[in-house]
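Asker: As a plain string of letters, each chain reads:
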Amino acid sequence: MDIQNPVKKKSNRLAEIAAGKTFPTETHDVLKSEEPLLEVSGFNLSYGAKQALFDINMIIPKGKVTALVGPSGCGKSTLLRSINRINDLLSTVRINGEMKLNGEPVYAPAVDVIELRKRMGMVFQKPNPFPMSVYENVIYSLRIDGERNKSVLDEVCERSLRGAAIWEETKDRLNESALGMSGGQQQRLCIARAIAAEPEVLLMDEPCSALDPIATNKIEDLIADLRGDYTIVIVTHNMQQAARVSDYTAFMYLGRLIEYGPTSTIFQNPHLQETQDYVTGRFG
Amino acid sequence: MSVVFMKEIDHLKRQILTLSAQVEESVILAVKALLTRDEELAQQVIRGDFDVDQVEVVVEEEALKIMALHQPVAADLRFLTAVLKINNDLERIGDLATNIAKRAVKICKEPALMMPDELSQAAIRARDMVHDSLNAFVNFDANPAREVCGSDEEVDQFCKQVRRFVEEQILKHPDGISGYLDMLLASRNIERIGDHATNIAEDVIYLVEGVIVRHRTDGIL
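Chains as they are written, first to last, in my numbering: chain Y, 38 to 321; chain R, 526 to 746.
Calculated from the structure, these hints are not laboratory results.
Note that the coordinates shown come from a computational prediction; the quantities given were computed from them, not determined experimentally.
Among the hints, a few may not be true.
As the list claims (entries may be wrong) - In the DMTMM-like style, the derived pairs of lysine to aspartate or glutamate whose C-alpha atoms are separated by at most 20 Å in a straight line are: (1) K590/R <-> D314/Y; (2) K532/R <-> D314/Y; (3) K590/R <-> D242/Y; (4) K590/R <-> D258/Y; (5) K634/R <-> E586/R.
Claimed, not checked - Computed footprint of chain Y on chain R, listed as stretches where at least three residues anywhere in the stretch have a Cβ under 8 Å from a Cβ of chain Y: (6) 563-573; (7) 582-594.
Unchecked claim - So these bits of chain Y aren't anywhere near chain R, every CB distance computed over 12 Å: (8) F60; (9) T62; (10) Q88; (11) D125; (12) G140; (13) P142; (14) I181; (15) W204; (16) A279; (17) F304; (18) V316.
Heads up, the beta-carbon is just placed ideally off N, CA and C, and yes, glycines get one too.
Next comes chain R alone, as it looks inside the complex:
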């Protein structure tokens, strides 16, 4: 194994971990801003997205360069393809956190709305999924990644309950429609964060075990 190649892989690992930390922080802050109606916090998340986008481009360039110059195989190839895909998912999660923050800013300007418990439960669960999938990546551990995949259904169920709650509230309080629609959009963004965390977890399983588990119906997960 070439020393130069190992150094470049280590450097890439550090870069993607930096991006992971940034994105995880964005999700935590966006959810907090939404649940606590904290406009300043939401603005902070929106401003931070630029940095996430910059790091995403750097990580992609580095990974492509390593692939072009070192022709990795086996575990190294799986690592680099996983990095490219996880990088993409992280950037999307960053965008979704920004969208939640934008909804939070709008909700802050509306009269106070009733927040259903399911919204905070969905948000906390999705946040934990991001955290756990990234931990699985850091530790090259497929077991927590499998648990993350199993959690996606919970987030989806919470978000469906939020949707029912929003429908009821709009019928009862048509004046608050704007705020409730923002809430619905925020829950949709939370649900998508869960989906991307699931993608990351699936990529970790591929990275560790070399098995593509997406779209499997044979219970391999």
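Pulled out of the complex, with its shape left as it was, chain Y reads as follows:
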């Protein structure tokens, strides 16, 4: 456990942040020893005149689960969607700063955005299976890449469904419509579809918020199983979920990354008073 600085840095910075000020992120030293999959530096994003992200500097460690937490409107989903450039689809978005995936720029002019997105899997709040069979859902990304070899497709389908802990439930109904599955099953199917393309990072935007507690539990166990093989970034409103599933937690507030460190430290002994106030429910 990281026990440095047991005394919280006293401050009343929330009011100053609300007034427009930006402070450097309190990044815990242990992150320096991690191998980064994604490096974000000096990253700013605005929707028209409204700035949503301010000078974000962070690394996403390889093979680990990183949770983005913070009150509504803090920019956590915006940051997640910046990683696979979904925000580009909005014409009013302006971005500056740098983001690198495995050392390669995400935002350089020469980047093929479609190719870039193939390197990332995304799971949304509401399960979004395509209106086709379970099998076709899973192998969709291979199909659009032109893969026709049936044995390759079968193998990927089974491996992905097993990886998403849903093979036993679907192996006898691969040709049935995915829309007939329960919400929890649909979400795990979406995770299977995401990992079928062997992405470098899995982005999850509130993946359990539309699910009941049992389905949530299954998704959380699945995240634990995928850890190590995949790098996962998860946005969650549910702090307890962040505590349960993540290795690192990033606390955001009004577009700033306030504190970023090991989840066990963030939830036991955060460095900043603001973080402590948020994780103990004193605001937000």
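Following the hints, complete the assembly by docking chain R onto the known chain Y.
Answerer: Only chain R this time, still in chain Y's reference frame:
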């Protein structure tokens, strides 16, 4: 129930059982060293206390981490609070075993003293209380824990008899006062071990039944 949470609970269980085994061994060896005037054995117990202290810190950190990250409730919450308290008692028992070993080292350097039977009976009873309370914990069984609570009075009575014996011997043999005082301190440590074993037993009853039985006068034990 989350698989990760279950794994972490199992891991914590293994750690506290390791600590239990270490502490029980320390008590057995310290009592043996005292009763048989074995200085080398006593030194071994003193050296071992460092390891006990290290494991105690690890167990506490793990339990706090699980509480912070998983917000356990019901039986899981009782288990974690019991682990934290038992962990504390085990560390204290380890310290008391070390104190007995230190008394044993001093007694070994003195001319041979008469050892009253009550001292060995108190030591053996306290040792058994530690063993039985930890067994109750391992098996999540409140019945042996209740028996442990009932044994504390026996240890206290033996220790009172040791005190009377020491008082008589000091009056008869003032030259041996130093050794007899060490004996008295050792018996006091044995009595405290019984108290901590009782605490563990009470925590096991809480763990299994969810009832706090300390300080009860309504005979619920």
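Asker: Hint by hint, note whether the structure agrees.
Answerer: Checked hints:
no., hint, verdict
1, K590/R <-> D314/Y, "18 Å, holds"
2, K532/R <-> D314/Y, "30 Å, violated"
3, K590/R <-> D242/Y, "26 Å, violated"
4, K590/R <-> D258/Y, "18 Å, holds"
5, K634/R <-> E586/R, "40 Å, violated"
6, 563-573, "violated (count 0)"
7, 582-594, "holds (count 5)"
8, F60, "25 Å, holds"
9, T62, "22 Å, holds"
10, Q88, "33 Å, holds"
11, D125, "36 Å, holds"
12, G140, "31 Å, holds"
13, P142, "35 Å, holds"
14, I181, "34 Å, holds"
15, W204, "17 Å, holds"
16, A279, "9 Å, violated"
17, F304, "4 Å, violated"
18, V316, "9 Å, violated"
Checked against the numbered hints above, the structure violates hints 2, 3, 5, 6, 16, 17 and 18; every other hint is satisfied.
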